[in-house]
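Generate coordinates for the entire structure from the input sequences, incorporating the hints supplied.
Protein chains: 2
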Amino acid sequence: MTNLHEVSGSETDGGSNNQERENQSEASHNKSPLLSDPWKPCRQPRAIVKECLLQLRCCLGAVCGMEWYGYAALGILMAFLSFLMDLGVTKLLTAHQWLYTKLEGNSLLQFFCWTLYPSCLCAVTSSFSHNICPFSTGSGIPEVRTMLAGIEMPHYLSLTNLFTKFLGLICTLAAGSTVFLGKVGPLVHLSSMVGDYLSKLCSLIRDNKKDKAAGEMLVVAAAVGVASCFGAPVSGVLFSVEVMSSHFARRHYLPCFFSATCGALTFRLFSVWSGDAETLQALFKTDFPTSLPFYPLEILLFAFLGLLCGAVSCCYLACHRWILQFTKTNPVFIKLLTSEKGLYSGMVAFLLASVTFPHFAGQYMASKYTTKQLLTSLLDSRQWSCQSHNASVHSEPEPLLEWTSSGIPVHLSLAFFLLMKMWMLVLACTLPVPAGYFMPVFVYGAALGRLLGEVVVRVLCSGMTSGQQWVSINPGGYALAGAAALSGAVTHTLSPALLAIELTGQFSHAVPVLLATLLANALARSGHRPSFYDALSISKRLPHLPSLKKACPWLPSTPVGQVLGAKPEQLQKAAGPEEVQHVVNTSSETQIPVVDSHETQILLGFVRRSELLMFLRHSQTETLEKHLDEVCCIHPTSVLLSPHNTVQEALNILIVVGAQTLFVTERGRLVGLITWPEMKNILEDLAAEI
Amino acid sequence: MTNLHEVSGSETDGGSNNQERENQSEASHNKSPLLSDPWKPCRQPRAIVKECLLQLRCCLGAVCGMEWYGYAALGILMAFLSFLMDLGVTKLLTAHQWLYTKLEGNSLLQFFCWTLYPSCLCAVTSSFSHNICPFSTGSGIPEVRTMLAGIEMPHYLSLTNLFTKFLGLICTLAAGSTVFLGKVGPLVHLSSMVGDYLSKLCSLIRDNKKDKAAGEMLVVAAAVGVASCFGAPVSGVLFSVEVMSSHFARRHYLPCFFSATCGALTFRLFSVWSGDAETLQALFKTDFPTSLPFYPLEILLFAFLGLLCGAVSCCYLACHRWILQFTKTNPVFIKLLTSEKGLYSGMVAFLLASVTFPHFAGQYMASKYTTKQLLTSLLDSRQWSCQSHNASVHSEPEPLLEWTSSGIPVHLSLAFFLLMKMWMLVLACTLPVPAGYFMPVFVYGAALGRLLGEVVVRVLCSGMTSGQQWVSINPGGYALAGAAALSGAVTHTLSPALLAIELTGQFSHAVPVLLATLLANALARSGHRPSFYDALSISKRLPHLPSLKKACPWLPSTPVGQVLGAKPEQLQKAAGPEEVQHVVNTSSETQIPVVDSHETQILLGFVRRSELLMFLRHSQTETLEKHLDEVCCIHPTSVLLSPHNTVQEALNILIVVGAQTLFVTERGRLVGLITWPEMKNILEDLAAEI
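Chains as they are written, first to last, in the working numbering: chain U, 1 to 690; chain A, 1 to 690.
Calculated directly from the structure, the hints in this document are not laboratory data. Quantities reported herein were computed from a predicted structural model and do not represent experimental measurements. Certain hints may be false.
Claimed, not checked - Label-pair restraints from in silico Cβ distances: (1) U:T90 x A:F304: 33 to 43 Å; (2) A:G407 x U:L60: 27 to 37 Å; (3) U:L60 x A:H598: 23 to 33 Å; (4) A:R250 x U:P643: 20 to 30 Å; (5) U:G61 x A:M422: 33 to 43 Å; (6) U:C552 x A:E630: 49 to 59 Å; (7) A:S158 x U:G61: 46 to 56 Å.
Said to hold, decoys possible - Listed next, the stretches of chain U that the computed footprint assigns to chain A, with coverage defined by at least 3 CB atoms under 8 Å from CB atoms of chain A: (8) 246–260; (9) 450–461; (10) 601–612; (11) 637–643; (12) 657–667.
Backbone N, C-alpha and C define an ideal beta-carbon position, used for all residues, glycine too.
Structure follows, in structure tokens:
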């Protein structure tokens, strides 16, 4: 889609003249630093370097557009950041584990080591992010979704935020599985920041500047965030499709795939180079049997698991909404969360760590595992609860170790884990630290699926006369489906299904995993309750229409006429210099509407602000007073809205047409105009009403 | 997005009154068949049955919307059709093979058996489809893409077409690997027909009728077509995203996934029930080694393969465009293809079959294999050309049999296959039969990849001192990547990458396959040449804007004002019955624009045709003559276009807003209107210009 203003500008003579003039002044501006600033040192070498760089730009530009280098750089950079983060977190976790092991024998010291380490980390990251950049807390996906819908929020894309979020996230993740938070959401947010920065860089380098590149880069960044976090390109692209508010433009599809593939490839290459893996393979590679992954009848069990996950997700979302409401209304919480963020984070982390202390309740919930180890153990393809019938494969019983270390049956252990982690997870979501909420839900779903799988194996084992053929049932498959279904239901998306497959490399379970995710989604979406991210958006009063729709379904069909701001400044066709001067002084819009006369108010078109300034300059030099339409070109308007159009329609048209200003007319008469900042105000007003 | 007309209708009193009246008449219409037609037999049982059906509808409607049953039914039906087709084709192919084996010893009879069987099938299917429904020939994807862009083409969705295409396709596929055509495209087309039929059924059953459901069903149908053809749901959805002209609406995403999963699940369950497979698994399940699927350095070879496939695709597309042009300009071909379709098809099939006769050139190109066997053999993970080093795995050398049956080395065999199949494939594309062109390209790509893989193995084998560690290279992986890359490059899409993974269930090769497909696409798209389907669209002069754009890049930026049709009939506010009567007689639009007066032409809004008819009825009964605005409600217009908007923008707004009529105004004055039929005319005119 071509930019309307460019097209209309190049068609009319006046417009093209102006553009040429602008280009000339721009060109002279480009040359000036070398020629006109004699005080700058090393003019000769600088000129040579600049020449070389221009040559390089030409060479690069000959292969493909400059934006493609930007996409590749985004993927590679994000993979590097993700790998660096993993490395840092692993080191910090190992240090904690080493200290804890060294204190073996002294329970009190072990308790302090177990609890104070994550508490301190959380307190530090919380204070740090609060003081450096308060926008860096939370997952960031609600904000990214809002930005993808076209609303500009520059403070969420600053480099300070990037720095704070990156360091804060390492600390949060290093607090380990006691705090139990993830990294997907923040990585998507980080990716948006890097993408925004790269797109600015690209548009600096490119000759022809296009302002829409930033929006394109954000869409790509959403895909890259997921892809570089797990090395999963396809689910990254699907996530990008899902995260869009209403329409996914087909022209974004190839850049998304390209950048996500670059990210995933680099991420996996890093793990090869670091010696973690022998070749490029899935992050949580499993060894499910491929000859008979599951019996056809198990499809019914997978469907049941999907419904179960849907029900659990409703419960979890309700708790989450309740605690969001509670922290906003309870005076103690309000005080803690506004002024004493560090203290609050420390306290919550201490509480969570105390509960998971391995000599206390932690022994029943495998608390010694890191999040990664938890997931690996849950995806294990061996049966834990029916050991008599497959004793031969128990030559390496390591993954079971933690789940049965306390001596209680594995079912009870899993059930206890699920029960405790539910409230712990809801509580952890209130922590004012940079953190993702996807991975914990994913692991929780895996535990839920595993429990069902183990129960099924147990039931079939006990009645073995009828179930002789079922001995090869794989509880890991249920864990995989459960993980995808629960995380899909909580976020109201389907990409977790593919993510589960890409994470494990198990394509054999694709259909049951998809089925479970679809059913869980169907249950979670029934009743039009907000998803996890919708609830966060509503709670933060973000101007994101699809989320607001969940809270008030009638909202998007509010007529634009009801929410339009004050009537814009307008000029009549025959305006003289005084009227123009007045409008230039009072209005800040770049496009000023021109009407037939102030009486009829029939909209004729618009003039650009720069042209008005030129008109004023002309009128100062010339003695004969001229009218506006004699000097300036009145550009024809693009699409016109009516006041009866809904807010949703206005937003869709802004997104699709890519226009900067939409005029609203009724019966030919101008009644208002809609720009992106205006739309942001409208949506913020609507959000405040809820 | 809500339908504009409904919203505006329900807001104004006049509109809602009308609607109520319509609803009442509808309700009475629903009841009437039982109450007012005393001549119908068995009134009592019919009433009971109807009561039960209404009850059932209520029960079903309580669970979820009626359209979801439609999506499920679409998936299941398409899987059934696809399975039935496979079954029929297998029977016919087996019969041919049986006859050929029985004639062993008599080369002449074998030759006739080998050549006449496919010739007759092609001749029959060609004549059959020409006589019953000429729209059923070809792949159907260009037409589906056009329909997805909003253009209505009812003759492509008729039940006759469904029937013809289904039977014709079975015959084409039964002609086997000599004619070498596939079934994906036609299955997508069949799916659209079934989807259209189901959406009509759904809107009959539903209480509240919405006309946009048909468009939604078409998007879903595109995904289901691919999903039910191969049991590959995710690539079906990606295909659906790619096949859209400019924007993929997010609300289609869940239905697409749901229906595609239903289709894939049913398709695989059918193969379990029929005894083909023990459980639900990939169609072309492979046994690639999972511990070390490929060495990290092989990534470079995969990238090279991608570029190679891109180059070959350019060559193939050039040949295809040439033959499309040739068949349209050469008088002999024109005559054959217009009047003697059966003869032409028979002749071409005979030629192709003669070349592939196993006692002639066929022995060097494994012509005894069916398309399915070809693909399975090419995806084999064992090395063919370096037998000395892995003799142990050659206990079952069956897949090699055909490729080396003539005694020549496997490289030469593969190279000969590639050389011959290129022109044969291009020739086969001219056959006027229902056929898909995707699968042959996929297999061709697999052969290309296999050739590269075998060459690499051979080179490394000969210099074994340096390549000792490379013995476990898997040429099947190259075949997989080549298949995805070539088919992706030819169609300018990326979904074949995921299709290749879903077909084989080999997630271990996901990243190299994606990389190869991306590079092949980049090479194929450079130079803005049309893709395979674009070339077909252009050749058929279909009103599909993205294809036309490939032929003439300036086309979408033609201003709407230049291509608008005649000025529409309009009414002035104060129109009397005569003027209204005149407009009702001359105009066929459903929405008649109302202007201030014929002099000023300021657009006020529109009235519906039904309201005008009512106005006329009123004016007949009443004595006092009234003006239009006193009786009818003038509905406010929705989005207005300017004549300077481009065709592309007008089309995008039509798609996004979902409006039936867009008015074009300049400075408040009406200059034209754009409806879907009008847009179709505009695009057809543009296509004719090329």
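Results of checking the hints against the structure:
1. The supplied range of 33 to 43 Å is met by U:T90 and A:F304, whose beta-carbon atoms lie about 35 Å from each other.
2. With their beta carbons about 51 Å apart, A:G407 and U:L60 fall outside the hinted range of 27 to 37 Å.
3. The hint said 23 to 33 Å for the Cβ distance between U:L60 and A:H598, and at roughly 60 Å that hint is violated.
4. For the pair A:R250 and U:P643, the beta carbons lie near 27 Å from each other, so the given range of 20 to 30 Å is met.
5. For the pair U:G61 and A:M422, the supplied restraint of 33 to 43 Å holds, since their beta-carbon distance comes to about 34 Å.
6. Between U:C552 and A:E630 the CB atoms are about 38 Å apart, so this pair departs from the stated range of 49 to 59 Å.
7. Between A:S158 and U:G61, the C-beta spacing of about 50 Å keeps the proposed range 46 to 56 Å intact.
8. As drawn, the stretch 246–260 of chain U meets chain A at 10 residues by the rule of a beta-carbon pair under 8 Å; at three or more, the given contact holds.
9. Coverage of the stretch 450–461 of chain U by chain A is violated in this model, with 0 residues showing a Cβ closer than 8 Å to a Cβ of that chain against a need of three.
10. With 4 residues having a beta carbon nearer than 8 Å to a beta carbon of chain A, the stretch 601–612 of chain U meets the requirement of three or more and the stated coverage holds.
11. Interface restraint, the stretch 637–643 of chain U with chain A: holds (7 residues with C-beta to C-beta distance below 8 Å; minimum three).
12. Counting residues of the stretch 657–667 of chain U whose beta carbon lies closer than 8 Å to any beta carbon of chain A gives 4, which reaches the threshold of three, so the coverage claim holds.
When held up to the earlier numbered hints, the structure conflicts with 2, 3, 6, 9 and fits the remainder.
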